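> Make the full structure from the sequences, and use the hints.
Using UniProt numbering, read the sequence shown as starting at 1 and increasing by one per residue.
There may be inaccurate statements among the hints.
Said to hold, decoys possible - Okay, derived cross-link-like pairs now, DSS-like style, lysine-lysine, Cα gap no bigger than 27 Å in a straight line:
#1 LYS154 <-> LYS118
#2 LYS118 <-> LYS76
#3 LYS118 <-> LYS182
#4 LYS150 <-> LYS76
#5 LYS189 <-> LYS150
Claimed, not checked - Per label pair, the in silico range of CB-to-CB distance:
#6 GLU27 <-> GLU77: 17 to 25 Å
#7 THR40 <-> LEU94: 21 to 29 Å
#8 ASP106 <-> VAL6: 15 to 23 Å
#9 GLY79 <-> ALA149: 24 to 32 Å
#10 ASP89 <-> GLU184: 16 to 24 Å
#11 ALA149 <-> GLY129: 23 to 31 Å
#12 ASP106 <-> GLY129: 32 to 40 Å
#13 GLU27 <-> GLN127: 25 to 33 Å
#14 SER51 <-> LYS95: 34 to 42 Å
#15 ASP38 <-> GLU13: 35 to 43 Å
#16 TYR107 <-> LEU61: 21 to 29 Å
#17 GLU188 <-> SER51: 19 to 27 Å
Derived by calculation from the structure, the hints in this document are not laboratory data. Since the model is a prediction, treat every value here as computed from it, not as a measurement. In this text, a Cβ means the ideal position worked out from N, Cα and C, and glycines have one as well.
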Amino acid sequence: MENLYVKLAAYREVETERLHLRPVTLEDAPAMFEYASDETVTRYTFPTNQSLEETRNNIALFYLASPLGKWGIELKENGKFIGTIDLLDLDLCLKKGSIGYVLNKDYWNQGLATEATKAVIALAFEQLGMNKLIAVHDQDNPASGRVMAKSGMKYSHEEPYAMLDLHEEGRMVTRIHYVLTKEEYLAEK
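The following block contains the structure:
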């Protein structure tokens with residue numbers, strides 16, 4: 001049986017109606033820094049980048065060192081790099097994983113995160129043969145939950161005291177979990 005990572009290697013690029021999901025490169029650093037340095041964007045995702053050099057280092061460590069299942073989100077109309085979407089925490093035995101995404105705030109509320117998420121979900125179930133996908137968001141970021149729901153994922157549960165906030169000292173984060181199984185996906189298709 002073919003390994004999940006071997007299957008994933010065949011899908012370095014994914015096309016949607018408006019988006020080109022493709023490997024992240026060091027040339028994307030300025031566009032990534034545009035949103036990675038904006039605390040409004042990073043508030044619920046990762047530590048805010050303080051310099052272009054930090055963004056370049058993060059690209060090398062996270063996207064270039066281990067690129068499978070990690071895509072840059074590029075607008076087809078103008079080639080603008082606007083964010084990333086990732087298929088993470090892959091469990092090869094259970095064939096499950098999680099989805100994470102981040103988008104430049106100039107492109108919020110246009111259905112682009114949902115479009116990218118739907119594409120990765122379709123890839124996971126239809127091409128990779130995965131059984132289950134999970135996504136989580138901070139309870140204070142309901143917009144991310146709406147992306148998950150619009151992408152077909154189902155609310156699963158709340159996880160109080162899930163982690164310490166990366167930006168607000170002493171704040172404990174409650175995470176909201178969404179799940180989608182292969183069977184649920186196929187039934188809705």
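> Compare the structure with each hint and give your call.
A quick look at each hint next to the structure:
| no. | hint | in the structure |
| --- | --- | --- |
| 1 | LYS154 <-> LYS118 | 13 Å, holds |
| 2 | LYS118 <-> LYS76 | 17 Å, holds |
| 3 | LYS118 <-> LYS182 | 13 Å, holds |
| 4 | LYS150 <-> LYS76 | 22 Å, holds |
| 5 | LYS189 <-> LYS150 | 13 Å, holds |
| 6 | GLU27 <-> GLU77: 17 to 25 Å | 19 Å, holds |
| 7 | THR40 <-> LEU94: 21 to 29 Å | 36 Å, violated |
| 8 | ASP106 <-> VAL6: 15 to 23 Å | 37 Å, violated |
| 9 | GLY79 <-> ALA149: 24 to 32 Å | 30 Å, holds |
| 10 | ASP89 <-> GLU184: 16 to 24 Å | 19 Å, holds |
| 11 | ALA149 <-> GLY129: 23 to 31 Å | 24 Å, holds |
| 12 | ASP106 <-> GLY129: 32 to 40 Å | 36 Å, holds |
| 13 | GLU27 <-> GLN127: 25 to 33 Å | 27 Å, holds |
| 14 | SER51 <-> LYS95: 34 to 42 Å | 39 Å, holds |
| 15 | ASP38 <-> GLU13: 35 to 43 Å | 27 Å, violated |
| 16 | TYR107 <-> LEU61: 21 to 29 Å | 25 Å, holds |
| 17 | GLU188 <-> SER51: 19 to 27 Å | 44 Å, violated |
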